[in-house]
Amino acid sequence: MSFRLIKTEKSNNIFNIILNDEKNQNTLSEEMINELSEVFEIAESDNEIKVIILSSIGKVFCAGHNLKDLNSKRSENDKGEHYYKKLFQMCSELMISINKHSKPVIAMINGIATAAGCQLISSCDLAYSSENSQFATPGVNIGLFCSTPMVPLSRTVGKKQAMEMLLTGDLIDAKKALSIGLINNVFDTEKLEENVLKIANKIASKSSATIKIGKDAFYKQKDMSLKEAYDYTSKIMTENMLHKDSEEGITAFLEKRSPNWKD
Amino acid sequence: MSFRLIKTEKSNNIFNIILNDEKNQNTLSEEMINELSEVFEIAESDNEIKVIILSSIGKVFCAGHNLKDLNSKRSENDKGEHYYKKLFQMCSELMISINKHSKPVIAMINGIATAAGCQLISSCDLAYSSENSQFATPGVNIGLFCSTPMVPLSRTVGKKQAMEMLLTGDLIDAKKALSIGLINNVFDTEKLEENVLKIANKIASKSSATIKIGKDAFYKQKDMSLKEAYDYTSKIMTENMLHKDSEEGITAFLEKRSPNWKD
Amino acid sequence: MSFRLIKTEKSNNIFNIILNDEKNQNTLSEEMINELSEVFEIAESDNEIKVIILSSIGKVFCAGHNLKDLNSKRSENDKGEHYYKKLFQMCSELMISINKHSKPVIAMINGIATAAGCQLISSCDLAYSSENSQFATPGVNIGLFCSTPMVPLSRTVGKKQAMEMLLTGDLIDAKKALSIGLINNVFDTEKLEENVLKIANKIASKSSATIKIGKDAFYKQKDMSLKEAYDYTSKIMTENMLHKDSEEGITAFLEKRSPNWKD
Numbered sequence: 001m002s003f004r005l006i007k008t009e010k011s012n013n014i015f016n017i018i019l020n021d022e023k024n025q026n027t028l029s030e031e032m033i034n035e036l037s038e039v040f041e042i043a044e045s046d047n048e049i050k051v052i053i054l055s056s057i058g059k060v061f062c063a064g065h066n067l068k069d070l071n072s073k074r075s076e077n078d079k080g081e082h083y084y085k086k087l088f089q090m091c092s093e094l095m096i097s098i099n100k101h102s103k104p105v106i107a108m109i110n111g112i113a114t115a116a117g118c119q120l121i122s123s124c125d126l127a128y129s130s131e132n133s134q135f136a137t138p139g140v141n142i143g144l145f146c147s148t149p150m151v152p153l154s155r156t157v158g159k160k161q162a163m164e165m166l167l168t169g170d171l172i173d174a175k176k177a178l179s180i181g182l183i184n185n186v187f188d189t190e191k192l193e194e195n196v197l198k199i200a201n202k203i204a205s206k207s208s209a210t211i212k213i214g215k216d217a218f219y220k221q222k223d224m225s226l227k228e229a230y231d232y233t234s235k236i237m238t239e240n241m242l243h244k245d246s247e248e249g250i251t252a253f254l255e256k257r258s259p260n261w262k263d
Numbered sequence: 001m002s003f004r005l006i007k008t009e010k011s012n013n014i015f016n017i018i019l020n021d022e023k024n025q026n027t028l029s030e031e032m033i034n035e036l037s038e039v040f041e042i043a044e045s046d047n048e049i050k051v052i053i054l055s056s057i058g059k060v061f062c063a064g065h066n067l068k069d070l071n072s073k074r075s076e077n078d079k080g081e082h083y084y085k086k087l088f089q090m091c092s093e094l095m096i097s098i099n100k101h102s103k104p105v106i107a108m109i110n111g112i113a114t115a116a117g118c119q120l121i122s123s124c125d126l127a128y129s130s131e132n133s134q135f136a137t138p139g140v141n142i143g144l145f146c147s148t149p150m151v152p153l154s155r156t157v158g159k160k161q162a163m164e165m166l167l168t169g170d171l172i173d174a175k176k177a178l179s180i181g182l183i184n185n186v187f188d189t190e191k192l193e194e195n196v197l198k199i200a201n202k203i204a205s206k207s208s209a210t211i212k213i214g215k216d217a218f219y220k221q222k223d224m225s226l227k228e229a230y231d232y233t234s235k236i237m238t239e240n241m242l243h244k245d246s247e248e249g250i251t252a253f254l255e256k257r258s259p260n261w262k263d
Numbered sequence: 001m002s003f004r005l006i007k008t009e010k011s012n013n014i015f016n017i018i019l020n021d022e023k024n025q026n027t028l029s030e031e032m033i034n035e036l037s038e039v040f041e042i043a044e045s046d047n048e049i050k051v052i053i054l055s056s057i058g059k060v061f062c063a064g065h066n067l068k069d070l071n072s073k074r075s076e077n078d079k080g081e082h083y084y085k086k087l088f089q090m091c092s093e094l095m096i097s098i099n100k101h102s103k104p105v106i107a108m109i110n111g112i113a114t115a116a117g118c119q120l121i122s123s124c125d126l127a128y129s130s131e132n133s134q135f136a137t138p139g140v141n142i143g144l145f146c147s148t149p150m151v152p153l154s155r156t157v158g159k160k161q162a163m164e165m166l167l168t169g170d171l172i173d174a175k176k177a178l179s180i181g182l183i184n185n186v187f188d189t190e191k192l193e194e195n196v197l198k199i200a201n202k203i204a205s206k207s208s209a210t211i212k213i214g215k216d217a218f219y220k221q222k223d224m225s226l227k228e229a230y231d232y233t234s235k236i237m238t239e240n241m242l243h244k245d246s247e248e249g250i251t252a253f254l255e256k257r258s259p260n261w262k263d
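Each protein sequence line maps, in turn, to chains A, B and C.
Under my numbering, the residue at position 77 of the first sequence is numbered 77, and the numbers go up by one with no gaps.
Under my numbering, the residue at position 128 of the second sequence is numbered 128, and the numbers go up by one with no gaps.
Under my numbering, the residue at position 2 of the third sequence is numbered 2, and the numbers go up by one with no gaps.
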């Protein structure tokens, strides 16, 4: 696979997708969204890949949409309406595809993640950052409220904490991001990769089939009432029990040995 | 505008609504609810106002419903049923109107906020308190569970943290309120106003049109599934892009100058 | 009442249900689920009981489903499908019954709670643990994702924090469980019971009728939109006002005396 704005690395079942458009602050231009959508699809069908890490090159993890591109479309006949509709829909689909992806996606942030960049890390299953990383939804400063970023943000952190980020546009540091639940942990910058790889490898050692079943069920049950969620997940548990990897996993556990996953 | 139980102040686009019924612990009597509903409506149509601060005079920020009033209606033919229905509906509408208000509402708490008083600050977009402020939903102590207060409370803090407040009725201090996400920050008492004004002025410097679009979308998308929320906010982003303030904001950003908002 | 896998104690309106199957790590075997379901039903109709504490004997609070039992059903004609369906449904109903129970259920954890054991404490209204207690949803390690446990877990802690527990299967300590909102507080091991009893007795001193009204409304309104929740709880508040315990409670409060609850 060959991309212009991203790099990829694969080793030990870990697939690293690296935002590599430093001069444009790794913005989610149409091309970047297309490349990311494509690479996630490739990762979906690659059976060697068990865990995806999303990282970046440069001081800015991702600065959101490309404002120069956005503004340039205002000269079109419809003032850009068609383009904006398409772009925000494509971007929303990319974010949803991270939740729908069968493989866990871990954001490894070393830098600043703003606007749709903050949306991107909110959409990942897990997120870890270096101590000097920062986060913001500053659309309000440029007259474009972070309305799509707030979808995963307000489903990740509390109502008032999301509102403060959205209304002030202020950068928050990694420690505050951790305290409000936006990220899972903060590591020393030089230990970030080592720690994230450790977590990624741990998850990669599990049965892929099991993780696929569970991750899919997680996001589906989140939008259900308690009763619906239990009816649904009870069925999922039964399906999971009938999968060969649960037989192997439970048997290995009872025999006090390591499991040999089929999937 | 002239009110009996509240005071208002306006300066630099900041509108301060001050609960001013100290002898009744700023309770949400029928009259207080009416005055608050009216003043929020006035603030809605006043284009000079960009941010609302809700504060109070006295040691009690707001003690919830007026219990003397409530009990006095028991002697009516229907044991007060009609009155209670009307009052709780009026109060619920007041709370919802804060979410629907086009201008950000910041609770500035220096004192004790209990029952519907705690509901009031849960309903505000942002909340900041002095270090000696306290919060409780103590209805359970008087045989009247805080069932309406728990609506915004349980949408602001975690399930178990809400339940502890509701079942014990205990006061929690500002530090705990911060740790569970009920408020955004705690300041030294003498620095509270200065800090809140700084935040309010920062928000007031943004485009009102942008904040109106974003705040409205925030509460609407909160009740949607992830897919619905993305479909909805993608449209909002396009509408926002077509607004003159986003053109000005993005252009100013690209030209490295301050924006001149039209709205 | 006589049970084989649990013990019960009753004193001062506090009912203690103690998981007492230490040699099986207090697993939720079919028999254990049946006994728990039965004892919660008994507690429902016992008017002396005002608060329920759920605790355990042994180093493991509850290790989830009984894996030996589960695996043994694979030899059946349908590979256990019928049994698993029934078991996960029974277990889900037990969990939901804790939310539906008219009496507050407090988990008092001194030990390790994993998988459906972690689900059990997530399902309780309140949870307090000793400092050396630990929590995990480690199904992923045995090829059986914790899909039913994640239902209450993801409604108790944040999205990313739930995902980290589910994908890594790692044990978290009491301090972390507190920081993510899984439990209400952590106490020194030797002070755990004393502190939980204090909280239980405080709640037991309230009107049972009031708590029944409020607890029921809490879980119902959680699954509603904001508007629906307010319409619903406004009605509940009126009903509550017309109950004799709210008349007594409010009158006692205004007369500065202790209330004498009828219920």
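Rather than coming from a laboratory, the hints here were simulated on the basis of the structure.
Since the structure is predicted, the reported quantities are computational estimates derived from the model, not experimental observations.
Careful: at least some of the hints might be erroneous.
[Unchecked claim] Derived DEER-like restraints, expressed as beta-carbon distance ranges:
hint: 1; chain 1: A; residue 1: 7; chain 2: C; residue 2: 93; range: 47 to 53 Å
hint: 2; chain 1: B; residue 1: 194; chain 2: C; residue 2: 97; range: 48 to 54 Å
hint: 3; chain 1: C; residue 1: 93; chain 2: A; residue 2: 257; range: 33 to 39 Å
hint: 4; chain 1: A; residue 1: 7; chain 2: B; residue 2: 242; range: 33 to 39 Å
hint: 5; chain 1: A; residue 1: 244; chain 2: C; residue 2: 11; range: 49 to 55 Å
hint: 6; chain 1: A; residue 1: 41; chain 2: C; residue 2: 9; range: 55 to 61 Å
hint: 7; chain 1: A; residue 1: 48; chain 2: C; residue 2: 44; range: 37 to 43 Å
hint: 8; chain 1: A; residue 1: 195; chain 2: C; residue 2: 97; range: 51 to 57 Å
hint: 9; chain 1: A; residue 1: 176; chain 2: C; residue 2: 45; range: 44 to 50 Å
hint: 10; chain 1: B; residue 1: 239; chain 2: A; residue 2: 72; range: 47 to 53 Å
hint: 11; chain 1: C; residue 1: 46; chain 2: A; residue 2: 41; range: 54 to 60 Å
hint: 12; chain 1: B; residue 1: 189; chain 2: A; residue 2: 202; range: 45 to 51 Å
hint: 13; chain 1: B; residue 1: 102; chain 2: C; residue 2: 255; range: 51 to 57 Å
The beta-carbon is built from N, C-alpha and C at its ideal position, and this holds for glycine as well.
Which constraints among the numbered hints does this structure fail? Numbers only, ascending. 7, 8, 10 and 13
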